[in-house]
Amino acid sequence: MITSRHEDDALVIAGQRFDSRLLTGTGKFSDWRTMADAILASGSGLVTVALRRVDLGDPADSMMSHLSPSAYRILPNTSGARDAGEAVRIARLARAAGGFDWIKLEVTPEPNYMLPDPVETLKAAEMLVKDGFTVLPYINADPMLARRLEEAGCATVMPLGAPIGTSRGLRTRDQIGIIIEQSFVPVVVDAGLGLPSHAAEAMEMGADACLVNTAIAIADDPVRMARAFAAGVRAGREAFLAGHGGTSRLAQPSSPESGHVRGD
Amino acid sequence: MKVVINSQTVEVPAGSTIESILAGRGIALDHTAVERNGEILDPTMYGSAVSEGDEIVVVRFVGGG
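Quick note, the sequences are listed as chains A and B, same order. For the first sequence, the working numbering begins at 1 and goes up steadily by one. For the second sequence, the working numbering begins at 1 and goes up steadily by one.
Hints are computed from structural coordinates only; laboratory data are not their basis. Glycine included, C-beta positions come from ideal geometry on N, C-alpha and C. Worth double-checking, as some hints may not be accurate.
[Claimed, not checked] Between beta-carbon pairs, the in silico distance windows are:
#1 A:V119 with B:G47: 38 to 48 Å
#2 B:E11 with A:D131: 33 to 43 Å
#3 A:V119 with B:T44: 35 to 45 Å
#4 B:T44 with A:E238: 24 to 34 Å
#5 A:G15 with B:M45: 25 to 35 Å
#6 B:E39 with A:D83: 14 to 24 Å
#7 A:A10 with B:T9: 34 to 44 Å
#8 A:D37 with B:V10: 33 to 43 Å
#9 B:L29 with A:I178: 40 to 50 Å
[What the hints assert, rightly or not] Distance condition first, Cα-Cα at most 25 Å in a straight line; then the derived SDA-like pairs of lysine to any residue:
#10 A:K28 with B:D30
#11 A:K130 with A:D58
#12 B:K2 with A:L56
#13 A:K123 with A:R92
#14 A:K28 with A:P109
#15 A:K130 with B:E35
#16 A:K123 with B:E35
#17 A:K130 with B:A28
#18 A:K28 with A:S62
#19 A:K130 with B:L41
#20 A:K28 with B:A28
#21 A:K130 with B:K2
#22 B:K2 with A:D58
#23 B:K2 with A:P59
#24 B:K2 with A:G57
[Unchecked claim] To give a feel for the contact side, a few chain B residues facing chain A, derived at Cβ under 10 Å:
#25 V10
#26 R25
#27 G26
#28 I27
#29 V34
#30 R36
#31 N37
#32 I40
#33 T44
#34 F61
#35 G65
Can you build the whole structure from these sequences, using the hints too?
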């Protein structure tokens, strides 16, 4: 049997293998059932959740009973953190609440664009790594920051394509290219991916994975969109592994240039 | 006795525990974490009595990206 050298193409983060290179989130779905079905349709092995105070006046149904931690790993985020101290507090509470020691670190003090604070993110990452967490930091597409976070012991770097929830695609393409070129940990493009073609583009460039939440959750048919993103990620990955043949300014005929029917 | 839970001041009977307070409000304890006066509580402490003025924070997981 002919086997591809890339047949075993698992994503490996901190020694853990994932068959899918699509990570998904649990926010903004219209109902739990749709969320659960979309996650399964995505094939994702790593699924983000947030931590919030319980509303005493409305202690609604807990989301966790609708998730399947046996089918995928739960990745709490530190959303809402405005500085390193708040991020560390949220991470420790998430570990206490669910025993989860992987954390998606996000520190976004500015409300309009929710761009991550690089100084506080690095500070929090250092504290969390020291505290035994496996840290996956959400960052702007800054190659130097990515390097510093890698040196601090982070398991991945997760540069944004565009601000959270904007669906504007790979606006940071060139910078993400540098991060991919230089990184020794998996590069997960997170935030701003609005269409499967955006995810495919990131994967074609050599990103290791993509994280998508809003674009799936707010689609008219989230389950179908989850499948579409899974296909986009797979297509992009396959194209990256296949090796792009390059571009040319002038036309390059794909049919023979001799033996024409006209006789020359 | 007054305690503060998630920034709300509430009256609870003397001898109340985290467990009894949350159960009385219909809040399940699975996948929940509790801070008392800034310290994360080990679940084995949920049965111990709270004190007047304690500041309690109860959190759990919600959808997020």
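Verification of the supplied hints:
Between V119 of chain A and G47 of chain B, the C-beta spacing of about 42 Å keeps the proposed range 38 to 48 Å intact. Between E11 of chain B and D131 of chain A the beta carbon distance is about 37 Å. The supplied range of 33 to 43 Å therefore holds. Roughly 38 Å separates the CB atoms of V119 of chain A and T44 of chain B, a value that falls within the hinted 35 to 45 Å. Checked against the hint of 24 to 34 Å, the C-beta distance between T44 of chain B and E238 of chain A comes to roughly 51 Å, which is inconsistent with it.
Take G15 of chain A and M45 of chain B: their Cβ atoms lie about 33 Å apart, and the range 25 to 35 Å holds. The hint said 14 to 24 Å for the Cβ distance between E39 of chain B and D83 of chain A, and at roughly 20 Å that hint holds. Hint check: A10 of chain A to T9 of chain B, Cβ distance near 52 Å, so the stated range 34 to 44 Å is violated. For the hinted restraint 33 to 43 Å between D37 of chain A and V10 of chain B, the CB-CB distance of approximately 38 Å keeps it satisfied.
In this structure, L29 of chain B and I178 of chain A meet the distance hint of 40 to 50 Å, their C-beta atoms being roughly 47 Å apart. In summary, the hint linking K28 of chain A to D30 of chain B is supported, as the alpha carbons are separated by about 23 Å, within the 25 Å threshold. Only pairs whose Cα atoms come within 25 Å are accepted, and K130 of chain A paired with D58 of chain A is rejected, the gap being roughly 37 Å. Under the criterion of a C-alpha separation no larger than 25 Å, the hint pairing K2 of chain B with L56 of chain A is consistent with the structure, at around 16 Å.
Our distance criterion of 25 Å between C-alpha atoms is met by K123 of chain A and R92 of chain A, whose separation comes to about 15 Å. At roughly 21 Å between alpha-carbon atoms, K28 of chain A and P109 of chain A fall within 25 Å of each other, so this suggested pair holds. Using a Cα cut-off of 25 Å, the hinted pair K130 of chain A and E35 of chain B holds, with the two alpha carbons roughly 22 Å apart. For the hint pairing K123 of chain A with E35 of chain B, the CA-to-CA distance comes to about 23 Å; that is within 25 Å, so the pair holds.
With a C-alpha separation of about 32 Å, the suggested pair K130 of chain A and A28 of chain B falls outside the 25 Å cut-off, and the hint is violated. Distance restraint check for K28 of chain A and S62 of chain A: the Cα-Cα separation of roughly 15 Å lies within the 25 Å cut-off, and the hinted pair is therefore satisfied. As the CA atoms of K130 of chain A and L41 of chain B are separated by approximately 21 Å, the hinted pair is consistent with the 25 Å bound. A C-alpha spacing of about 23 Å is found between K28 of chain A and A28 of chain B, which places the hinted pair at or below 25 Å, so the restraint holds.
The hinted pair formed by K130 of chain A and K2 of chain B fails the criterion: a straight-line CA distance of about 38 Å is larger than 25 Å. Restraint check for K2 of chain B and D58 of chain A: the C-alpha separation of about 21 Å stays at or below 25 Å, so the hint holds. For the suggested pair K2 of chain B and P59 of chain A, the alpha carbons sit about 21 Å apart, so the restraint of at most 25 Å is met. Proposed proximity of K2 of chain B and G57 of chain A is supported: the alpha carbons are some 17 Å apart, at most 25 Å.
About 8 Å separates the beta-carbon of V10 of chain B from the nearest beta-carbon of chain A, less than 10 Å, and the hint is met. With a cut of 10 Å, the hint placing R25 of chain B at the interface with chain A holds, because the nearest CB-to-CB distance is about 6 Å. For the restraint placing G26 of chain B at the interface with chain A, the shortest Cβ-Cβ distance is roughly 5 Å, inside the 10 Å limit, so the hint holds. Satisfaction of the interface hint for I27 of chain B is found here, the shortest Cβ-Cβ separation to chain A being roughly 4 Å, below the 10 Å cut-off.
Contact between V34 of chain B and chain A, as hinted, is supported at the beta carbon level, the nearest pair being about 8 Å apart and thus within 10 Å. Hint on R36 of chain B is violated. Least Cβ distance to chain A is approximately 12 Å, over the 10 Å limit. The interface hint given for N37 of chain B is violated, since its Cβ lies 13 Å from the closest Cβ of chain A, which is over the 10 Å cut-off. Because the smallest distance between the Cβ of I40 of chain B and any Cβ of chain A comes to about 5 Å, under 10 Å, the interface hint for this residue holds.
Evaluation of the T44 of chain B hint against chain A yields a violated restraint, the C-beta minimum of about 12 Å exceeding 10 Å. Hint status for F61 of chain B: holds, given a least beta-carbon distance of 5 Å to chain A, under 10 Å. Evaluation of the G65 of chain B hint against chain A yields a held restraint, the C-beta minimum of about 3 Å falling below 10 Å.
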